[in-house]
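Start from the sequences and build out the full structure, keeping to the hints where you can.
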Amino acid sequence: MKIVKLFTVVIVLTLLAQLHGATPTRAQGTVIKIASHSPLSGGQSQPGNAIKNGVDLAIQQLSKPIKDLGFTVELAPFDDQADPKVGPVNAQKIVSDKAIVAVVGHYNSGVARPSSVIYNDNNLVMVSPANTAVDITDRGFPTVNRVCGRDDAQGAAGADYAANTLKIKSVYVINDKTVYGAGVAKFFVQSITAAGVKVLGNEGTEEKSNFDAVITPILSLKPDMVYFSGIYDQGALFFKQARAKGVTAQFMGPDGLDAPDTAQIGGDAVVGLVYTTTAAPAALSPDSKQFRDDYKAKFGSDAPAYGPEAYVSTAIVLKAIEKVIKDNGGKFPDRKAISDAVRATKDFKSILGTITFDKNGDPQVATYYVLKVKSADPKNWTGNEPVASSKANSPLTPATGAAASATMAATMAATAGGAAPTNAPAPATMAPTMAATMGATTTPATKAATMPATMAPTMAATMAPTMAAK
Amino acid sequence: MTFSTRAANWTWTYILRPFLQILLFVLGSAALMSVIAVIVSLIFRTPASRGATLEIDLFEQLLKQLPDTLIDGITIGFLYAVIALGYTMVYGVLKFINFAHSEIFMVGGVIGFEVMIRLRDGSLLTTFPPVLLVILMIVAAMAFSGTLAVVIERFAYRPLRNAPRLVPLISAIGISLFLQDAVRALEGLGRNQFNLAYPTDSVPFLTQRLPIGPTVTISVTAIIIVISAIIMVLGLNYFVNATKIGKGIRAVSQDQATASLMGIDVNQMIAITFLVGGALGGAAGVLFGLKAGNISPFSGFIPGLKAFTAAVLGGIGNITGALLGGILLGLIEAFFSSLLPFFPSFGTSYSDIFAFMILILILIFRPTGLLGQRVDEKV
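Protein sequences appear in the order of chains A and B. For the first sequence, our numbering assigns the number 1 to the initial residue and increments by one for each residue that follows. For the second sequence, our numbering assigns the number 1001 to the initial residue and increments by one for each residue that follows.
To be clear, the hints were calculated from the coordinates, so they are not data collected in a lab. Just so you know, these numbers come straight off a predicted model, no measurement behind them. Keep in mind that a hint or two might mislead.
[As the list claims (entries may be wrong)] Straight-line alpha carbon distances no greater than 25 Å define the calculated DSS-like cross-link-like pairs of lysine-lysine that follow: (1) K169(A) with K1064(B); (2) K346(A) with K67(A); (3) K167(A) with K208(A); (4) K323(A) with K296(A); (5) K349(A) with K323(A); (6) K1064(B) with K198(A); (7) K379(A) with K359(A); (8) K1064(B) with K245(A); (9) K198(A) with K222(A); (10) K222(A) with K1244(B); (11) K326(A) with K336(A).
[Stated by the list, open to error] Stretch by stretch, here's where chain B covers chain A in the computed footprint (C-beta under 8 Å, at least three residues): (12) 197–204; (13) 210–218; (14) 241–248; (15) 304–316.
We put the CB at the ideal spot given by N, CA and C, even for glycine.
Encoded structure:
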């Protein structure tokens, strides 16, 4: 008995000692850390690990200029478990480690929102590869940036494809009640209602395993399309059960479904699923081929969605760090200076195209893709067929940029057709409408009133508060 | 008494009567819920819909949905009932709530997944007779989960048997967390998978639907769940009420000290209780996996909580009560969540709130649950 007690005491002491060791007491040295913050465990770990791996690869491949200045760059991976409660706790740890000068994350907008408040209070820059919820950047935090698109445009792009290409007449919308899912659902419903499609239901559910009750009304209402606004671990299972119960509608969803596990979980039920995404598919981002090959060589699988985006986010951060070190004469870079340098990113050439951040940290032009699932085999996920793509300006970007982007989208569409010559339907291009609508920075309200286009009300609605805030 | 009358007697006591009782519970709960739903739908015939695009006659909508809702409710109800049996048996014997039971259930689902995926990897899955496959999965899960429950009892509960009542409860929660993370670690390292998707697409038998009316179909999985659950409940009824071991378990549940004075091995009886409860939980895990198509290390929590609720609703410690509670809770849930979408200010997500409100109401008027008896405090 005595031995047991002694043993317990020793264990407790060891743990305490470790806790002490974990507290960052080190002085600022030559080690610069970049934190990746994404779900590394749990149901959404697949894209989360892709983000971590993307950061890892970028640090290995692109940190040489900083090494030449006498610093080493390290990856500090954090696991937010896709949980809005865990994210901020980790964020406190991150900001208290003085060696960490930037964060690349998160996967879930619902986690990014509270965590970014903590980063912002500590002038720590965050570049998000995947958070599409509008208010991530619309809050106007100087430290928060993203390289992906926004949900207002994503919802509109999805609605446009559903209404004008698939020509559906009715839709039933389910969302996962998170910041992300509920956000996309809102914009999708706004746009699709404006396009004259009947919305038969708009339900939120946190159910993760038994969707019977959600499916029953869908069975009897017989919508043309079921739109699931959420993440794949929930969505794919919902689709599987809906098909099994006899729902024959077209399935659709946003970029939360863009993960090979969608096919792993959903099986045959998700073949034919169309989803919108802001993560560049391999077929439409030829410049990212080198990255994808390196990723596969290093991590043993095709790079899932948002791996390339994490790579680009890290590249932007590394560039900014390098600039700050050069500017301050070789001293340890200051967080605030890095944050400013990231926000000033202009015409940054990346594997996903040229990126310029606007005043709120949105990329001035973002691309939105619509893809169709071709196979129930998760290994073939990268072979999903791009059926449409479009570019849209961020709300703060004036129309001139948008006009240019329309032509780019057209080229893009041509590339899509070329990349997959067997696909009969020509990719739909929404760019002209979107450019016209979204470029209306002057009087969005009046413009929306005269504009019969799908997206007009959405864009006007989202732009108005931003304008007022300014 | 001749052999044939004895056989008839036996059949009546252990098969027909309990079966009729189950039937009565199912039909009674279904009729009660349907009547309530019809009345509600007639009162709120045209609930204000979301936007102007949706005009719905709630009564007509209800009639259209009714068969599916009933099938769903009864199916999930039987599942809850089978899980609830595990809670209620342990409570009956030890007066202690085994919160690790939801994880024993989840482990059963994982075992079912492993059996199926191993058969697929050996490319036997498509040729394997589907009924045999289901039986194999259930038996494997029962064996594993039952053993696991016994091991847990031996190492986590038995040393604490004379400790204050809250201590084993904490131990149970600890075991529950341990099992979640153990499965997460094992499957994460072994398969690099968190979401364990049952490869049901490879077994056409499991995905087909049988027509039982002009517009209504029922899935084979639902039939499998109901039949297996009924067999298990009948088996448990026979085991507890007709065998010597069952008698021992009942004796221990009444009074441990006296039972041991009568020459009953209390530890053994408790271990057997855990074995049976765990096995039922494991079987339920497989059935749940077949129904949902996916198991994850955390998917035991919610069904476990609901089943625990069902056990309390029926009267914890009472086996028949667990059955009634499970079926009733499944139906309540199915009705609420299929009708709430038509009430714009609520939505499906409120179904649990209403279900638990009903539970609270029932417990206010019958604190011991629907079929529970007042247990006198032992002096």
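Comparing the hints with the structure gives:
A hinted pair counts as satisfied when its Cα atoms are at most 25 Å apart, and K169(A) with K1064(B) qualifies at roughly 21 Å. About 24 Å separates the Cα atoms of K346(A) and K67(A), which keeps this hinted pair within 25 Å; it holds. For the suggested pair K167(A) and K208(A), the alpha carbons sit about 31 Å apart, so the restraint of at most 25 Å is broken. A threshold of 25 Å between alpha carbons decides the hint, and for K323(A) with K296(A) the separation of about 31 Å lies outside it, so the pair is violated.
For the hint linking K349(A) to K323(A), the alpha-carbon distance of about 16 Å falls within 25 Å, and the restraint holds. Taking the CA atoms of K1064(B) and K198(A), the gap is about 20 Å. The hint holds against a cut of 25 Å. Simply put, K379(A) and K359(A) have alpha-carbon atoms about 39 Å apart, too far for the 25 Å limit, and the pair is violated. With a C-alpha separation of about 15 Å, the suggested pair K1064(B) and K245(A) falls inside the 25 Å cut-off, and the hint holds.
Our distance criterion of 25 Å between C-alpha atoms is met by K198(A) and K222(A), whose separation comes to about 12 Å. For the suggested pair K222(A) and K1244(B), the alpha carbons sit about 55 Å apart, so the restraint of at most 25 Å is broken. Restraint check: the Cα-Cα separation between K326(A) and K336(A) comes to about 15 Å, which is no more than 25 Å; the hinted pair holds. A stretch counts as covered by a chain when three or more of its residues have a beta carbon under 8 Å from one of that chain; for the region 197–204 of chain A and chain B the count is 7, and the coverage holds.
For the region 210–218 of chain A, the stated coverage by chain B holds: 6 residues have a C-beta nearer than 8 Å to a C-beta of that chain, and at least 3 were required. Against chain B, the region 241–248 of chain A contributes 4 residues with a C-beta closer than 8 Å to a partner C-beta. That satisfies the three-residue criterion, and the hint holds. Under a criterion of three residues with beta carbons nearer than 8 Å to beta carbons of chain B, the stated coverage of the region 304–316 of chain A fails, only 0 such residues being counted.
Of the numbered hints stated above, those contradicted by the structure are hints 3, 4, 7, 10, 15, listed in ascending order.
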